[in-house]
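These protein sequence lines are chains P and A, in that order.
All residue numbers for the first sequence refer to full-length UniProt numbering, where the first residue is 1 and numbers rise by one.
All residue numbers for the second sequence refer to full-length UniProt numbering, where the first residue is 1 and numbers rise by one.
Derived from the structure by calculation, the hints contain no laboratory data.
We treat Cβ as the ideally placed atom computed from N, Cα and C, and that holds for glycine.
Please note that the accuracy of each hint is not assured.
Just a few of them, taken from the derived set where beta-carbon distance is under 10 angstroms, the chain P residues facing chain A [stated by the list, open to error]: (1) E22; (2) D28; (3) C99; (4) S100; (5) R104; (6) F109; (7) S110; (8) K112; (9) K800; (10) S803; (11) Q806.
Restraint ranges, calculated between C-beta atoms of paired labels, are given here [stated by the list, open to error]: (12) A48/P with K191/A: 53 to 61 angstroms; (13) D626/P with S175/A: 53 to 61 angstroms; (14) N76/A with D27/P: 37 to 45 angstroms; (15) K191/A with P441/P: 51 to 59 angstroms; (16) R405/P with N76/A: 52 to 60 angstroms; (17) E25/A with K85/P: 38 to 46 angstroms; (18) K191/A with A439/P: 51 to 59 angstroms; (19) E7/A with Q445/P: 41 to 49 angstroms.
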Amino acid sequence: MLKSNVFNKKTRNNRIKKEVREVYLRDDIWCGASSCKTCDSSVARLTASTILVVDTNVVLNQIDLLENPAIDDVVVLSVVLDEVKNKNLSVYNRIRALCSNSLRKFYVFSNKFHKDTHVDKMDKESPNDLNDRAIRVATQWYQKHLGDTTRVLLVTNDRENKRKATEEGIFAETIESYVKSLAQPSLLDLLVQPASEDVNMEDVEDLRPSKRKLIYEEHKPMSEITSGLRRGIYHQGKLRVNRYNPFEAYVGSESIGDDIIIYGRTNMNRAFDGDIVAVELLPQDQWHEEKSLSIADEDDEDEDDVHLAPSSADDAPRTTNLVTTDEQNSVPNRPSGRVVGIIKRNWHSYCGSLEPMPMPAGSGSIAHALFVSKDRRIPKIRIQTRQLGNLLDKRIIVAVDSWDRQSRYPFGHYVRVIGEIGDTGTESEMVLIDNDIDARPFSTQILACLPPLPWSVSSKDLANPIRLDLRDLRVFSVDPPGCKDIDDALHCTALPNGNFEVGVHIADVTNFVHPGTPLDDEASKRGTSVYLVERRIDMLPKPLTEDICSLRADVERLAFSVIWEMTPEAEIVSTRYTKSIIKSCAALSYVEAQARMDDSRLMDPLTTDLRNMNTLAKIMRQRRIDRGALTLASAEVKFQIDTETHDPLDIGMYQIQEANQMVEEFMLAANVSVAEQILRHFPLCSLLRRHPSPTKEMLEPLLRTAAAIGLDLDVSSSKALADSLDRAVGDDPYFNKLIRILATRCMTQAVYFCSGDLTLSEFHHYGLAAPLYTHFTSPIRRYADVVVHRLLAASLGIYKLPSVFQDRPQLTSTADNLNYRHRNAQMASRASVELHTLIYFRKRPTDTEARIVKIRANGFIVFVPKFGIEGPVYLTPRGGQKGSGDWYVDEQQQKIVKMDGSLSYSVLQTVQIHMEVVEPQPNRPKLQLALI
Amino acid sequence: MEYVSPEGLRLDGRRPTEMRQLRAEIGAVAKADGSAVFEMGNTKVIAAVYGPREVQNWSQQMSDQALVRCEYSMANFSTGDRMRKPKGDRRSTEISLVIRQTMEACILTHLLPRSQIDIFVQVLQADGGTRSACINAATLALADAGIPMRDLVTSCSSGCLNRTPLLDLNYVEDSAGGPDVTVGILPTLDKVTLLQMDAKLPTDAFEDVMQLAIEGCKAIANYIKEVLQENTKQLECRRGL
Ligand SMILES: [Zn+2]
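Please build the complete structure, drawing on both the sequences and the hints.
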């Protein structure tokens, strides 16, 4: 088996410890050029008469350019790939994606293992020089190998390397001169600007005398950081910038055991959100530096926009100024610090638009512009462009290149245009890009995993002994109107002994999605379906989502069922889990189901089932509430969308019916039963969902508001909180709901985790007051449920457990990805609603009622229940002196009072406001709230 | 960690189903009745066989078959870190046992009653797959000593990394923590006499990995046969036949 290869044994020395590694040099590594007669042409990718060999720095720095289709016929050497992988994994993944993309002509040449291009380290040669030489040797080999028919061009920006190459008779060019030779000026924008070239940046730099001053502290060298970390002077952690206040960031530090707050850009010292940084604590007397009571901020880059009311603490701005409730105030207890060094950058590309600016004289010349990211956590980015006129009214993507000490903002380069600002399509794409959501159509490899269409239950399925035939049961589904991805169906049969048999039937997605297939990999990457106002981005291809898996009415479908026997008091007597075949007799909407239950004339069997279920559900719900489950509230908005223009026609709050609660109750019960079953069988590798109890600090805003209005809330346990929420009845009907909404936004969200990573006491789900919980009931749109289906099937001995479950770190990273995707999907949904709210109000200025939820120095934040939005209302004109005007704030009472005492506004008070879309800057519409 | 590149090459330039370079030399220890050096890439093992000879400890003598003993050790310089390796540690004892049992299964012990065969194997250089190399070296040494055998016994390992079955893991691949299957076969009789596995492997993947190891064993058997034939030819020449 080895005879076809020529072997030379080479040894390689490594570091101080001598390591001998074998390298097998081969003669079966092909050049990849289609014109070549000697090589295997089945793998050939390179067709042009000029082929490029790129060096490591070109790949590392110019990946955006390489991704542009104008660049093709590129040889990527394995030595370059290795080096890129060591330096930047995300660039490595991108270049790898290019190499495997069949539409592009990138070819990987394993020069290391080719008998003619392998190079050995020479005496005193540095690793960089060795790599450069290897690249030149390979380029020369290509030139010789392909002969006169093809020009082989080495692209390198390394002066020394280029000089040597020219000496050796290799054609070599810098990336700039190569791109210029292509005569496509827009490509030049994609080039990364070397950091040293910032001399002509002055046009954008504000013309203050201090402009050349060093703005930021120097980053400490790595050696100093390492020793500082060891000695405990510095603390390492990931920097998280406050989504609602980009001048405030947190570093979760294990050595401190708490978040360190970083106030202001100076202290952040050029760190980006997601960077791993080293932080030094400030002296304690500087801990309480910032007061972000006022709405606007020090640097005034942007003001608070009107946004969707947060539905959990993860969405809500964090309160920074802790008003100490007890007497011994003044000692701030949150450590603050400053960034001294960046251990790992999290730079990637960002979407946004250019800051409006006048066109420079002479078109086509290079202009310097400031890019404003949609993600407010990202600072403005300077770019150079030759197409300013074209870009000003566009949403674009920009990548960051560098950030030196003299410049206020980082340098970057233009990557591509998304579309025109304000265009619904463009803005929706922005939402997707901003939340890292992959909305590309499914690839052919993925679609190849689908069963042949049209699909129907086969005789093989019927004969399968693991499948129970439940087709004669009266199964039905209840969903929102127009729901096409029906995950769940129910049945409820009265038993002769007076008990009920209740079944929850869930789409049997894992019958079609098998571990290790491209389909499964994709679903696992996407993690969840994403629901935007005007479209849905599916986790699974449409035939599965809307047809094969969907438990539609009057067709036979495969299901995974949880079947209980319940007493009329809703006590579970027994639980069964089985794969099944069902035939739903009705796909009801919530409203239909509700109407049937309410219509006392209807006595048909289906309606009776509904009523029985509803009775059971009410008992279960009451029991859950007695246990301490929180009935939380969030303001969900619903749009009616014009099918033609995709513009919103109407907007309103989502009405919750009893039927919703009934279905929800049984889904909760099924999830709990399944959680118990899988944990019993797989104590170390089950995927569960937990909801951590909110800390005192998180409930602080709620308590402060409650105290101001004289409401006594007991937050010692979820039970106590639930009871006090029940007691919180004000003089108007909306009061209780408002308090619940405020409570909900103090909680963090529930998260997925791997049972082996935590101890049993940490599994608790606070909101549901359940010791165990998981997600089983929506496998069409959530990947977590797919994982849980596999665990459940394995626990029943139907299928063996896929091998990934033996890999704990892998499982943990799956759970982390699901949390990340879940969170992003929610953020995207919210952003989409915000976008459509703006479109809706563009043509409809509205007067409405609002509730004050937070007092600020120069106004207050109101919540508009009807539209579920929240935003600032200013009492003093912006730009005026903060807080020093006619108003003063009574923090204890949460009131803002006019100096002469004639007028005051207090928290939770109802106010009438006017909502209108204004355009303070062209193409930048925003919703404005004003008191009437 | 990427152990197989998308181009289908391993860290040392081999393709997944390729073995490292083999080298064997018979008669490296003149004093022994049979001896051999066996190399699989950078793994180098020496084996010496003494016997059949009288049983040293009378109480161990068996009237119906030969006593096979095996001693495995690693030279202190065999790995990069040049650590002192205590003799008789658990790993050595276990490997000694594995080699003894494997060799015993192919020696026609009933033809040599009341005698003793000693097999000494020492790892001179370790780079993964030492177990297999020891068995291959022992086979050659036994053949060199002229001990009657049912068949040659050859061994090879395979594993599975990046979802790809790999033949003959070297040290780097072996340390990746993936499954590692060592197989020993009697090639002519087509029987598996040794099967060891570390870590977990799904059953269907196991089939592929084991089949690959068996193919490896067969290739080694062919190589060993060639070496033995070449050796016999040289002996014939020397004897002037
Ligand atoms: Zn060729």
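Evaluation of the provided hints:
| no. | hint | in the structure |
| --- | --- | --- |
| 1 | E22 | holds, 5 angstroms |
| 2 | D28 | holds, 9 angstroms |
| 3 | C99 | holds, 7 angstroms |
| 4 | S100 | holds, 7 angstroms |
| 5 | R104 | violated, 14 angstroms |
| 6 | F109 | holds, 9 angstroms |
| 7 | S110 | holds, 5 angstroms |
| 8 | K112 | holds, 7 angstroms |
| 9 | K800 | holds, 8 angstroms |
| 10 | S803 | holds, 5 angstroms |
| 11 | Q806 | holds, 5 angstroms |
| 12 | A48/P with K191/A: 53 to 61 angstroms | holds, 57 angstroms |
| 13 | D626/P with S175/A: 53 to 61 angstroms | holds, 56 angstroms |
| 14 | N76/A with D27/P: 37 to 45 angstroms | holds, 39 angstroms |
| 15 | K191/A with P441/P: 51 to 59 angstroms | holds, 53 angstroms |
| 16 | R405/P with N76/A: 52 to 60 angstroms | holds, 54 angstroms |
| 17 | E25/A with K85/P: 38 to 46 angstroms | holds, 40 angstroms |
| 18 | K191/A with A439/P: 51 to 59 angstroms | holds, 57 angstroms |
| 19 | E7/A with Q445/P: 41 to 49 angstroms | violated, 19 angstroms |
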